[in-house]
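Asks: Listed here are the chains, written in short residue letters.
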Amino acid sequence: DTAVSQTPKYLVTQMGNDKSIKCEQNLGHDTMYWYKQDSKKFLKIMFSYNNKELIINETVPNRFSPKSPDKAHLNLHINSLELGDSAVYFCASSLGLRNEQFFGPGTRLTVL
Amino acid sequence: TQLLEQSPQFLSIQEGENLTVYCNSSSVFSSLQWYRQEPGEGPVLLVTVVTGGEVKKLKRLTFQFGDARKDSSLHITAAQPGDTGLYLCAGSGGSYIPTFGRGTSLIVHP
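In order, the protein sequence lines correspond to chains A and B. Here this note's numbering is used: the first residue of the first sequence is 1, the next is one more, and so on. Here this note's numbering is used: the first residue of the second sequence is 113, the next is one more, and so on.
Pulled out of the complex, with its shape left as it was, chain A reads as follows (with noise of 0.2 Å):
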């Protein structure tokens, strides 16, 4: 049974395009979250939203729009993509704002 799912798994665009990852959780948990991991290995916050509201915006550009439709949802969808872009995204999700989160299995986005 997976937790945290994300797809897809990896993605090779060209800069300029629009894409967008999505991200599922069945634990039943209230706060979800983007991290970005550079290549060297650190992993920042993006967003985080507790029941369906924004809570976290880490001074990210604005290409970059997270969509909760539900408690379950967290899809992050990226304007205009520049090389600077190309990292691993995680999603994860935790049962309240301080617990301890549980990570999918992260999206390699590459851009050209």
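Careful: at least some of the hints might be erroneous.
[As the list claims (entries may be wrong)] Taking CB as the label site, the calculated pair distances span:
#: 1; chain 1: A; residue 1: Tyr10; chain 2: B; residue 2: Tyr134; range: 31 to 39 Å
#: 2; chain 1: B; residue 1: Ser124; chain 2: A; residue 2: Ala72; range: 38 to 46 Å
#: 3; chain 1: A; residue 1: Leu27; chain 2: B; residue 2: Phe122; range: 31 to 39 Å
#: 4; chain 1: B; residue 1: Phe122; chain 2: A; residue 2: Ala72; range: 21 to 29 Å
#: 5; chain 1: B; residue 1: Gly128; chain 2: A; residue 2: Ile55; range: 40 to 48 Å
[Unchecked claim] DSS-like cross-link-like pairs, simulated, lysine-lysine; straight-line CA separation at most 27 Å:
#: 6; chain 1: A; residue 1: Lys9; chain 2: A; residue 2: Lys40
#: 7; chain 1: A; residue 1: Lys36; chain 2: A; residue 2: Lys9
#: 8; chain 1: A; residue 1: Lys9; chain 2: A; residue 2: Lys44
#: 9; chain 1: A; residue 1: Lys44; chain 2: B; residue 2: Lys182
#: 10; chain 1: A; residue 1: Lys41; chain 2: B; residue 2: Lys182
#: 11; chain 1: A; residue 1: Lys71; chain 2: A; residue 2: Lys40
#: 12; chain 1: B; residue 1: Lys182; chain 2: A; residue 2: Lys36
#: 13; chain 1: A; residue 1: Lys36; chain 2: A; residue 2: Lys52
#: 14; chain 1: A; residue 1: Lys67; chain 2: A; residue 2: Lys41
#: 15; chain 1: B; residue 1: Lys182; chain 2: A; residue 2: Lys40
#: 16; chain 1: A; residue 1: Lys19; chain 2: A; residue 2: Lys9
#: 17; chain 1: A; residue 1: Lys40; chain 2: A; residue 2: Lys52
Hints in this document: simulated from the structure, not taken from any laboratory. Remember, predicted model here, so these are calculated numbers, not experimental data. Idealized CB from N, CA, C, for every residue including glycine.
Starting from the structure of chain A, add chain B where the hints point.
Replies: Relative to chain A, chain B alone:
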């Protein structure tokens, strides 16, 4: 922004050796988590520590939370190749923003 400093950044050891990884901050954390991440996968939670001075054991792994709740350590006894991975500490304090350290990359050679 609360910062978590991890050391060492890289560790390459032989099977059977012991090691300690440190996670330090100038801020107080209400709780601190340790995760292990293997290549191509997401971080997996190992433990959460909450109380200052708390010690938790997970088989050969021993986790300690500092008395002041500003630092933590992870000690591995008799390391095995299966322990290879990126070890991350993470914490949350007064704000709801979770902070991750930059990780310790451990390689255990057979």
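Asks: Hint by hint, note whether the structure agrees.
Replies: Going through the hints against the structure:
1. Tyr10/A <-> Tyr134/B: 31 to 39 Å: Holds, at about 34 Å.
2. Ser124/B <-> Ala72/A: 38 to 46 Å: Since the Cβ atoms of Ser124/B and Ala72/A sit about 41 Å apart, the hinted range of 38 to 46 Å holds.
3. Leu27/A <-> Phe122/B: 31 to 39 Å: holds (33 Å)
4. Phe122/B <-> Ala72/A: 21 to 29 Å: violated (38 Å)
5. Gly128/B <-> Ile55/A: 40 to 48 Å: holds (46 Å)
6. Lys9/A <-> Lys40/A: holds (19 Å)
7. Lys36/A <-> Lys9/A: Satisfied, since the Cα-Cα distance of roughly 14 Å is no more than 27 Å.
8. Lys9/A <-> Lys44/A: holds (19 Å)
9. Lys44/A <-> Lys182/B: holds (20 Å)
10. Lys41/A <-> Lys182/B: holds (23 Å)
11. Lys71/A <-> Lys40/A: Status violated; Cα separation ~31 Å.
12. Lys182/B <-> Lys36/A: Given that 27 Å is the threshold and the Cα spacing comes to 25 Å, the pair holds.
13. Lys36/A <-> Lys52/A: holds (20 Å)
14. Lys67/A <-> Lys41/A: Distance of about 25 Å is within 27 Å: holds.
15. Lys182/B <-> Lys40/A: holds (24 Å)
16. Lys19/A <-> Lys9/A: Status holds; Cα separation ~13 Å.
17. Lys40/A <-> Lys52/A: violated (31 Å)
The structure is inconsistent with the numbered hints 4, 11 and 17, although it conforms to all the rest.
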